[in-house]
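> Top to bottom, those sequences are chains B and G.
Counted the way numbering that gives the first Met the number 0 counts, the first sequence spans residues 0 to 244.
Counted the way numbering that gives the first Met the number 0 counts, the second sequence spans residues 0 to 149.
Incorrect hints may have been included.
Quick list of the computed label-pair ranges, beta carbon to beta carbon [stated by the list, open to error]: (1) PRO14(G) / THR95(B): 49 to 55 Å; (2) ARG36(G) / ALA2(B): 27 to 33 Å; (3) ASP231(B) / PHE60(G): 20 to 26 Å; (4) VAL197(B) / SER61(G): 34 to 40 Å; (5) GLY160(B) / ASP103(G): 33 to 39 Å; (6) ARG127(B) / PRO10(G): 54 to 60 Å; (7) GLU84(B) / GLU24(G): 48 to 54 Å; (8) LYS90(G) / LYS219(B): 45 to 51 Å; (9) ALA92(G) / ARG23(B): 25 to 31 Å; (10) LEU199(B) / ARG36(G): 44 to 50 Å; (11) PRO10(G) / GLU105(B): 45 to 51 Å; (12) LEU18(G) / LYS219(B): 54 to 60 Å.
Residues from chain B that keep clear of chain G, each with C-beta distances beyond 10 Å, as calculated [to be verified]: (13) ALA4; (14) ASP88; (15) LEU97; (16) HIS103; (17) GLN112; (18) ARG113; (19) LYS219.
For lysine to aspartate or glutamate, the following EDC-like pairs were computed, each having C-alpha atoms within a straight-line distance of at most 20 Å [stated by the list, open to error]: (20) LYS47(G) / ASP234(B); (21) LYS74(G) / ASP220(B); (22) LYS74(G) / GLU16(B); (23) LYS128(G) / GLU16(B).
Read the hints as simulated data drawn from the structure, not as lab findings.
For clarity, every value in this text was computed on a predicted model and none was experimentally measured.
Built from N, CA and C at the ideal position, the CB exists for glycine as well.
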Amino acid sequence: MFAPAQLYAQGARRHMELYGTTARHFAEVAVVTRRHAILNGNVVMNKPLTVEEHHASRMISDPFRLFDCSLESDGGAAIVISRAERARDLKNPLVTILGVAEGHPESPASIAQRPDLLEFGLVKSAPRAYEMAGVGPKDIDVAEIYDCFTFTVIRQLEILGFCKTGEGGPFVMDGRIGLGGALPINTHGGLLSQGHVVGLNHVIELTRQLRREAGKAQVKDAEVGLVTGYGDMGDGSIAILRRAA
Amino acid sequence: MSTAPAAAPAPAPAPERPLPVPTRESQPFWDGMREGRFMLQHCAACGKVRHYPRPVCPHCFSMDSEFREAPQGGKIHAWTVCHHPFNFFFKAAAPYIVALVDMDAGGDVPVRVNAPLRGVAEADLEIGKRVRLGFEPVNKEVTLPFFVAE
Ligand SMILES: [Zn+2]
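Just chain G, same shape as in the assembly (with noise of 0.2 Å):
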């Protein structure tokens, strides 16, 4: 979906991409995405999957809890197409679609990952179309996800 960036006028620093920072919670997803691997947290006591990670569950309150692989898949739940780049890093790469996904691996409590999609027409979106999980490894510590056509 990327366009030709215009012809700056004059040389500028090139903005700097922003990148989210591990935490605690979040570190064995990241590893997974390193991996290439769906890494989702759930309860360690009442089994209820979380996403995205934190300390306490909110079904049962417990701080226990374990990360499992999960599937890669799931379905388109809504999306936009961002044109205006509120971060000046994503200006070259507007106008891109950003798709929310229901995973499969959410069943009753939603999993949904918010991700760019690669290589679908905008006049090809809906609700419920078929997408995976893709990895771009952007440094040694941070691989970020995208989705393609299933």
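In isolation and in its complexed conformation, chain B is listed as follows (with noise of 0.2 Å):
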């Protein structure tokens, strides 16, 4: 057991056992994420993607097959912070941070020692973010998921209470996550399609959803967003933005 993959995957085996999660619904994330990357355009893989092309894919460490892994990538992101009135007169249309946390699971260092192998940091920080932004899961129009693994995006969908646990496999079936559903996610391909810039590509796409730059993939209307991120082995962390009036 020396990567992720290998790790994460007992805790996908363990959702898939307990609560009836599917190689079907990971591979929904998988497809979704790609067709996102397509009208991004600025990604690694750009090619489509079927659930049958996921299914036969190789087997890496079970039940993850490759298009279940996010991409070994290099590449550069950056973003700029500053107090709101200092950035008013600015060009582009402001983006507001209304809520940050982050939290660490139990036994952060080992995975495998954790009391519940399916609590991320994310369960501490999550309702701590809510509460700083003063909105709830019904308010968000689009989420940028940190997703490592078609599996962590099914189970932080639950612990930031779009649907309950054991829910995630079925909540992101039925165009539910795509561009034009109830709540699109990972507009802009991911860790999954678009590479794996440490997530900050999920900060900078959530901005640009907001400032509504997101061309082909824009979610009209966008005006509240949620963006999580990992450290090390599922330290969780969350920014709930706001479009400026």
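Make the complex out of the two chains shown on their own, each in a separate frame, by following the hints.
Quick look at the structure:
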């Protein structure tokens, strides 16, 4: 056991056994994310992906197949943060930070010894960020979810309160997480298809969405969005942003 | 679970097996492995078990500890089947099952061991399945744990 794919695979397997989550659910995350990547264009993976191709991709560490894993990529990303009053005279529409938080899982260094393998740091940070922001899951128009693996998206959607624990698999189906769906996610293609720029590309994408600069992948009338990030093995950070009036 | 490795096009030097390096804290655990015993670190102040071995108790922060022999059985908590060899040494063994096991020694604090599970078919894997430790000597210093069905 050396690689994140192996360590996270055990949690994914447990979720499948406990709640009936399936490879079909994983595939949906991969396929929708790829569709978004193609709309973005500035991505590593620019060919369409089908559910069948996902299921036929080679097994890495069961239940993770190749297309359940994010890309190891080189890339650069930067964001500029300023006081709101100083930013007022900038050319671009302002995006304000409503709430931020970070949380660490019990037994941060060893996934294996965590009382609950499925309690990522986001379990602690999400409620704090929602409280600070004064919004809840129902107010989120677009979400950029740290997608080191397809499964970690499904589990974070549960932790974030978009559905209950165990319902993440069915939640991602039926177009819900695609553009035009109830909760479009990873509208840039994420770590799975745009590239693993350590999740900073998620912050940039959410900023573009709220500035309405996301081109073909624009979520109509996006006002409030949410972005999650990881550190190490499941430390959970979250930021909730709003398009300034 | 191992399958025969495909014939290599050209002979390459055999990759070295990656092995754990015992530390001052973990030495009693590895000594136990060599003797076919499952030794667990306990806090000498509050008595709570902690695994993997480390210098400070996460419950009371005491640095005093002692090792006690623990039962070798447990129940499967989760598993993965490793197909991609992230280290080339394991290429010949893949695919192999690595089970994460809730050891009987754990009470309110989980004690989990991650080790290869041998002699069990993938179709027979389930959460809660009883397994027990086996011991594979690798060299004079290191004996590695594995699991078999109980
Ligand atoms: Zn203690």
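> Would you mind marking each hint as holding or not holding in the structure?
Hints, verified against the model:
1. Evaluation of the 49 to 55 Å hint for PRO14(G) and THR95(B) yields a pass: the beta carbon distance comes to about 53 Å.
2. Evaluation of the 27 to 33 Å hint for ARG36(G) and ALA2(B) yields a pass: the beta carbon distance comes to about 30 Å.
3. Here the CB-CB span from ASP231(B) to PHE60(G) is close to 22 Å, well matched to the stated 20 to 26 Å.
4. Judged by the Cβ atoms, the range 34 to 40 Å given for VAL197(B) and SER61(G) holds: they are separated by roughly 37 Å.
5. Range check, GLY160(B) to ASP103(G): about 36 Å between beta-carbon atoms, so the 33 to 39 Å window is met.
6. Checked against the hint of 54 to 60 Å, the pair ARG127(B) and PRO10(G) passes, with Cβ atoms roughly 57 Å apart.
7. A hinted range of 48 to 54 Å holds for the C-beta pair GLU84(B) and GLU24(G), which are about 53 Å apart.
8. Against the hinted window of 45 to 51 Å, the Cβ-Cβ separation of LYS90(G) and LYS219(B) comes to about 49 Å, which satisfies the hint.
9. For ALA92(G) and ARG23(B), the hinted distance range of 25 to 31 Å is satisfied, since their beta carbons lie about 30 Å from each other.
10. Between LEU199(B) and ARG36(G) the Cβ separation comes to about 48 Å, which falls inside the hinted range of 44 to 50 Å.
11. At roughly 48 Å, the beta carbons of PRO10(G) and GLU105(B) sit within the given window of 45 to 51 Å.
12. Range check, LEU18(G) to LYS219(B): about 56 Å between beta-carbon atoms, so the 54 to 60 Å window is met.
13. Interface exclusion of ALA4(B) from chain G breaks down, the closest Cβ pair being 7 Å apart, not more than 10 Å.
14. Every CB of chain G is more than 10 Å from the CB of ASP88(B) (nearest about 50 Å), matching its label as outside the interface.
15. With 10 Å as the threshold on Cβ separation, the claim that LEU97(B) sits away from chain G holds: the shortest Cβ distance comes to roughly 34 Å.
16. For HIS103(B), the requirement that its beta carbon stay farther than 10 Å from each beta carbon of chain G is met, with the minimum near 13 Å.
17. The beta carbon of GLN112(B) is not kept farther than 10 Å from every beta carbon of chain G, the shortest such distance being approximately 6 Å.
18. With a minimum CB-CB distance of about 8 Å to chain G, ARG113(B) fails to clear the 10 Å threshold, and the non-interface call is violated.
19. The non-interface label for LYS219(B) is consistent with chain G: the shortest C-beta to C-beta separation is roughly 40 Å, beyond 10 Å.
20. Using a Cα cut-off of 20 Å, the hinted pair LYS47(G) and ASP234(B) is violated, with the two alpha carbons roughly 25 Å apart.
21. In summary, the hint linking LYS74(G) to ASP220(B) is not supported, as the alpha carbons are separated by about 51 Å, beyond the 20 Å threshold.
22. A threshold of 20 Å between alpha carbons decides the hint, and for LYS74(G) with GLU16(B) the separation of about 15 Å falls inside it, so the pair holds.
23. Between the alpha carbons of LYS128(G) and GLU16(B) the distance comes to roughly 13 Å, so the proposed pair stays at or under 20 Å and holds.
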